[in-house]
Amino acid sequence: MDRYRVMIIDDEKIVGDMAKMSLEREGYLVETFLNGEPALARLKEERFDVVVTDLKMKGVDGMEVLRTVKELYPDTKVIMITAFANLDTAIEALRGDVHDFFPKPVKIRELKVSIERALGSR
Amino acid sequence: MKIEHKIILSNVFNFALILLTGLFAIQNLNAVLTKLRFIEIADDLNANFLEMRISEKNYFLYGNAGTLLEIKDKIKTAESSIENAKNDIVRAVGAGSLSRLRSYLKDYSEMVDMVIEFPSRDMRTEAMLRTAGKTLREFSETTTRLERERMNTIIARSKEVMRYAFWGVLVMAILVSHFISQKILSSLRSIEKMTTTISQGDFRKIEESRSKDEFGSLINAINVMSEELSHREEEIIQSRKLASLGILTAGVAHELTNPLNNISMMAQNFTEYYDSLGREDRIGLMTKVERETERIQEIVKDLLDFSKPKEANLQEADINSVIARTMKLVQNMLDISNITTKLGLDEGLPGIYLDEHQIQQVLVNLITNAVQAMSLGGMLFIGTRPGRRGDSIEITVKDSGRGIPPEFLPHIFDPFFSTKGDGGTGLGLSVSYGIIKNHRGDIRVESKPGVGTTFTIELPVNNN
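Taken in order, these protein sequences are the chains called W and V. First residue of the first sequence: 4, per our numbering; consecutive thereafter. First residue of the second sequence: 9, per our numbering; consecutive thereafter.
Hints were generated in silico from the structure; no laboratory data involved. Incorrect hints may appear among the rest.
As the list claims (entries may be wrong) - Straight-line C-alpha distance at most 30 Å; calculated DSBU-like pairs for lysine-lysine:
#1 W:110 / W:61
#2 V:114 / W:61
#3 V:296 / W:110
#4 W:59 / V:296
#5 V:201 / V:350
#6 V:336 / W:115
#7 W:16 / V:296
#8 V:142 / V:114
#9 V:80 / V:94
#10 W:59 / V:309
#11 W:110 / V:114
#12 W:61 / V:296
#13 V:350 / W:16
#14 W:59 / V:445
#15 W:47 / W:73
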């Protein structure tokens, strides 16, 4: 059976590293990116099952990642994380067809559950 | 008194003066006309009298009785002329002169009647007739001459009055317009001074209005406006403080949330996979946790620097030397970025009281920003010169970088405002602003996207 592919985009390197460390042990194929542009380039080459992205980033931000992903692969699930835990950004993100929304600090176990559910509901 | 009333009053005065002069002129003209009419009549009479005298002389020379009848005819003509012009004569020379003229004419007429009745041509009769004729003619001619003189006097007098009235109106108009324009100008000047003070944000100096004219009410209106503005300004300052606090809080939250999240995620994995992690991995994670706490510590320190600016330790210093020492600190950074530096330091600036460490911090902040705004090979200019106020000096830091978009300019001194993304905390300029304000100075920015940015610091000379 093919392993699920998960992409993590966050300008804080540790977020990607820690998520990758945990998810790889669950058997996912994980790739991490520090900003939007190379991530979108990589997405054009290959489909990912789940994209976890930071909302606020320099250049290509989380909302743009979401739009591009939905254009390329309508089935791919997008999970948002953000340091701004305010309601407005959450509503904006959910309206844009995101699967889930995590304010920082991120609970990795909850993130994993969310990813599992995303794959199950496909 | 209102200026409008003053203008009306002076106009009324001038109008009255002109009216009086006009009335006087009309009256004089009438007098002149009366005199003229009289002189016309008198000239006719004089001619008549002259002819009588010639006829009288002929009578005595040739003894022709017909000439006496001619004289009688002429006397009649003269009497009827006098009767017709009676009113004009009275008006010009008075009733006394008229009756005298009539009585002289009557005397002469009686003398002629007597000669007709007793035509003796002796010396006595001749002398009496001649005397009567001479008296008549002399009276008439003298009166005419006097009237002519009087008429000239009236004309000369009215000419003089006209001239005085002209100068009077002119002087009055000049004085009044000068006075009023002076008054308007001085009022405008004081109002201009007042509005300038208000525009500089000083709402307290409200000049008591003294005059009760239009400017008085204008000054009152400005006072009311100034008071209103001062209330508004307090509100604005209050809301700005709140907004600033909001930006500060949001900034602190964002800045702290990232390292906290990193620590949290590393701690979660450390606990979860403790058994499966090698010794190196565990130490690696904890080292990173340590680094993240240092990052938090750095932010907190910046925040403290910002919120509680250290008391400036002011000492007299030469600003050019401070800049020279600062350049040593940043020279390496400038060399790496291949930036050409140009100094334009004005010699002979007065020494100023400053906290060298703090001013160096400001300069390093500005230079760092400039370097980051320029691609390799940019141009940095740092200059000093006497300030525009005269009792201050100016420091200029100018780069040829990408510039700041106009919409960002009002916010660049706000805490946590940054255009550098991950590169900065957004506190550098905010802290610099605090330091300069603490030195009772001023920091300004001008920027053109694509051309460059110029920061100007103004420090007062007597700030101790």
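These are the hints, each one checked on the structure:
no.: 1; hint: W:110 / W:61; result: 24 Å, holds
no.: 2; hint: V:114 / W:61; result: 133 Å, violated
no.: 3; hint: V:296 / W:110; result: 18 Å, holds
no.: 4; hint: W:59 / V:296; result: 23 Å, holds
no.: 5; hint: V:201 / V:350; result: 41 Å, violated
no.: 6; hint: V:336 / W:115; result: 52 Å, violated
no.: 7; hint: W:16 / V:296; result: 11 Å, holds
no.: 8; hint: V:142 / V:114; result: 13 Å, holds
no.: 9; hint: V:80 / V:94; result: 20 Å, holds
no.: 10; hint: W:59 / V:309; result: 25 Å, holds
no.: 11; hint: W:110 / V:114; result: 150 Å, violated
no.: 12; hint: W:61 / V:296; result: 24 Å, holds
no.: 13; hint: V:350 / W:16; result: 39 Å, violated
no.: 14; hint: W:59 / V:445; result: 33 Å, violated
no.: 15; hint: W:47 / W:73; result: 12 Å, holds
Checked against the numbered hints given earlier, the structure breaks hints 2, 5, 6, 11, 13 and 14 and satisfies all the rest.
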